[in-house]
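*Asks:* Residue numbers (this note's numbering), protein chains in the order written: chain A, 232 to 507; chain B, 240 to 529.
I should point out that these hints are in silico values taken from the structure, not numbers from a laboratory.
In this text the structure is predicted, and so the values were computed from the model without any measurement.
Glycine residues also receive a C-beta, built at the ideal position from the N, C-alpha and C atoms.
Honestly, I wouldn't trust all of these hints.
Calculated pairs, DSSO-like style, for lysine-lysine (alpha carbon to alpha carbon, straight line, at most 27 Å) [said to hold, decoys possible]:
1) A:Lys270 x B:Lys286
2) B:Lys523 x A:Lys334
3) B:Lys286 x A:Lys236
4) A:Lys236 x B:Lys439
5) A:Lys367 x B:Lys421
6) A:Lys270 x A:Lys293
7) A:Lys293 x A:Lys304
8) A:Lys234 x B:Lys523
9) A:Lys236 x B:Lys421
10) B:Lys368 x A:Lys234
11) A:Lys234 x B:Lys286
12) B:Lys368 x B:Lys523
Pulled from the structure, derived: some chain A residues nowhere near chain B, Cβ distances all over 10 Å [to be verified]:
13) Phe258
14) Ser268
15) Lys269
16) Leu279
17) Phe312
18) Thr320
19) Ala324
20) Tyr461
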Amino acid sequence: MKKQKRLLVLGDIIGVIVTAIIFLVPFYFMFIQSIKSKKEASRLSISLPTEVHFENYAEVFKYNNYQLVRAFKNSGILTIFTVLGLLFTAAMAAYVIQRRRDKATAAVQSVIMLGLMIPAAILPTIHLLQSMHIYKTMFSMVMIEIALQTPFAIMLYRGYMASIPTELEEAARIDGCSRWQIFTSIIFPLLKPIQATLIILVGVTTFNDFTNPLYFLPGAENVTVQQTLYNYRSQVQSSFNLLFADIILITIPMLILFLIFNKRIVDGMVAGSVKG
Amino acid sequence: MKSNKEKSLYPMWFVIPSLIIFGVFFLWPIITSLYYSLTVWNFETAKFCGLDNYKLFFSEHAMSSSVVHTLIYAFGTSILKVVIAFFIAIFLTSKIRTKDFIRSAVFFPNLVSMVAVGLSFAYMMHPTKGLLNSVIQFFGGNPVDFLGNPALALFSIIMVDVWKGLSISVVIYIAGIQSIDKTYYEAASIDGATSWQQIKSITLPLLAPSQNSIIILSLIGGLRSFELIWTMTGGGPGFATDVLASVIYKQYAAGFYGLSTAGNVVMLILISLIAFPLQHFLNKREEAIQ
């Protein structure tokens with residue numbers, strides 16, 4: 232018994248050390264780089280800075296005519312509208328797909344689930360947006376993000392919906408609620424736990440997306456936060472301190488989201504991966 | 240009677256918003272891509288050229304090798320995640336007291352974008368100044384050119400991908416382990432099974448559903464992978480780390496839209512050929528176990 236206890240303590244110590252080295256040192260590296268002077272940062276070492284330069288953060292904001300401010304605005308709008316749109320449209324679809332058992336619903340379901348596997352066709356999408364005259368607009372970017380994440384959102388919702396008893400809807404129907412009322416005032420509020428999961432997963436995916444804005448939302452006015460990082464690499468090859476300050480700044484919103492919804496992530500994964 | 244009730248309670252038009260957005264912005268471009276991949280295309284005019292784009296794709300080593308790189312990348316990351324995440328999940332569901340700290344630390348890379356992770360690791364893997372080489376030299380080794388050596392570059396990126404993507408697999412495994420009935424373990428330890436035997440004959444088989452999710456998720460993610468490779472090496476050195484997604488981007492940037500779309504269709508076919516049979520096989524295996 233005593234031996235087992237000692238083994239557990241040993242496990243704790245080794246676990247913490249290995250985790251710290253593998254998972255925390257890179258973040259320490261990012262942070263320490265962000266507060267160094269230009270010259271020190273270019274040495275890329277993890278030693279403490281000889282002088283601390285917190286003004287790097289202010290400089291990142293001013294850089295390239297306040298590019299980062301525009302980027303935060305664009306990414307913020309994109310993320311909020313994608314999350315809101317997806318929360319509602321996917322909930323409606325998943326509700327009907329989970330409840331109905333006819334052939335048409337099964338067909339819709341299997342077509343949408345294709346999207347979990349097959350990749351988007353990029354250039355034909357650009358061509359389509361051009362012919363609809365909505366290329367390089369925030370509206371089309373939001374629509375694409377919603378389209379790409381619809382299968383995943385419906386899958387998560389459907390798994391959760393299965394645990395809501397149908398008696399609720401039948402009782403509401405007898406009480407004279409319309410079908411729309413049943414959905415908006417009875418079913419939708421019950422989906423809160425899975426919505427928390429969706430908010431964090433869809434939010435992080437959209438905010439951190441680099442590829443889709445690269446293709447579908449080019450242009451200096453349309454810059455998103457991930458694009459600012461990439462621009463740094465090509466424009467100021469030697470300003471490592473600013474690059475890393477930028478990394479820290481654009482990770483903070485995701486960190487806040489994580490701290491708010493931390494516990495929900497595992498719960499949502501249980502609902503999505505095991506039941507789904 | 241039942242279907243009448245279903246019809247009255249659950250209106251079909253509820254799926255229309257999702258279906259329209261998904262159909263217009265995802266499905267329709269995929270359908271038209273089959274045609275455009277057979278043309279010389281510049282968005283204004285599309286001139287039919289048969290299978291020329293595909294012939295060119297597979298005859299140019301710079302492009303055809305991307306198929307091999309994509310497969311190595313996808314299977315490499317997927318296998319490593321399945322195996323490593325399993326042991327981390329076992330460790331985190333044991334009686335150790337620091338598991339909350341470790342779980343949060345392992346999850347943390349998930350919040351940071353691929354671009355940020357890619358750039359940070361590219362600098363940590365710098366051939367002379369980078370952190371990893373400082374450590375190697377401290378222990379008396381020779382510096383390694385992680386991203387500049389064509390034989391090594393793809394594997395260096397694979398390791399970073401595993402580092403970043405491990406947490407999702409760990410979370411799925413933990414969810415699976417927590418749903419296993421505790422009485423199995425009690426019965427096994429009464430019969431004198433060691434903890435390793437318990438992991439092998441109880442945990443592992445009962446985790447098959449979680450494991451299948453992880454295999455499919457990470458394999459498809461790997462086959463589509465672009466951001467990490469693009470920010471770490473841009474497909475180089477030469478085209479040693481070019482994958483399908485980076486070839487698609489390069490041909491787009493070069494103005495060969497038909498060729499780029501052919502690359503897109505090759506990716507579609509490759510994923511379909513691997514993912515659908517694999518899922519079928521994994522589902523069969525899952526049924527056989529239960």
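*Asks:* Each of the hints needs a verdict: does it hold here or not?
*Replies:* Taking the hints in turn, this is what the structure says about them:
The hinted pair formed by A:Lys270 and B:Lys286 fails the criterion: a straight-line CA distance of about 54 Å is larger than 27 Å. With a C-alpha separation of about 24 Å, the suggested pairing of B:Lys523 with A:Lys334 holds against the 27 Å cut-off. The hinted pair formed by B:Lys286 and A:Lys236 fails the criterion: a straight-line CA distance of about 74 Å is larger than 27 Å. Of the supplied pair hints, the one linking A:Lys236 and B:Lys439 holds, its CA atoms being roughly 23 Å apart against a limit of 27 Å.
For a cut-off of 27 Å, the pair hint linking A:Lys367 to B:Lys421 is broken: about 55 Å separates their Cα positions. Between A:Lys270 and A:Lys293 the CA atoms are separated by roughly 20 Å; this keeps the pair inside 27 Å, and the hint holds. Restraint check: the Cα-Cα separation between A:Lys293 and A:Lys304 comes to about 15 Å, which is no more than 27 Å; the hinted pair holds. Straight-line distance between C-alpha atoms of A:Lys234 and B:Lys523 comes to about 43 Å, which puts the hinted pair past the 27 Å bound.
In summary, the hint linking A:Lys236 to B:Lys421 is supported, as the alpha carbons are separated by about 21 Å, within the 27 Å threshold. At most 27 Å may separate the alpha-carbon atoms for a hinted pair to count; B:Lys368 and A:Lys234 exceed this at roughly 44 Å. A distance of roughly 76 Å separates the Cα atoms of A:Lys234 and B:Lys286; the hinted pair therefore is violated under the 27 Å criterion. With a C-alpha separation of about 50 Å, the suggested pairing of B:Lys368 with B:Lys523 is violated against the 27 Å cut-off.
Not every C-beta of chain B lies more than 10 Å from that of A:Phe258, the closest at about 7 Å, which undercuts listing it as non-interface. Residue-level check passed: A:Ser268 sits 16 Å from the nearest beta carbon of chain B, beyond 10 Å. Against the 10 Å criterion, A:Lys269 stays outside the reach of chain B, whose nearest CB is about 14 Å from its own CB. Residue placement check: A:Leu279 keeps its beta carbon more than 10 Å from all beta carbons of chain B (closest about 14 Å).
The Cβ of A:Phe312 sits about 12 Å from the closest Cβ of chain B, beyond the 10 Å cut-off, so the non-interface label holds. Distance check on A:Thr320: its Cβ comes as close as 4 Å (rounded) to a Cβ of chain B, failing to clear the 10 Å threshold; non-interface status is violated. Taking the minimum C-beta to C-beta distance to chain B, about 4 Å, the non-interface status of A:Ala324 is violated against the 10 Å cut. Listed as outside the interface, A:Tyr461 is inconsistent with that label: its C-beta sits roughly 6 Å from the nearest C-beta of chain B, within the 10 Å cut-off.
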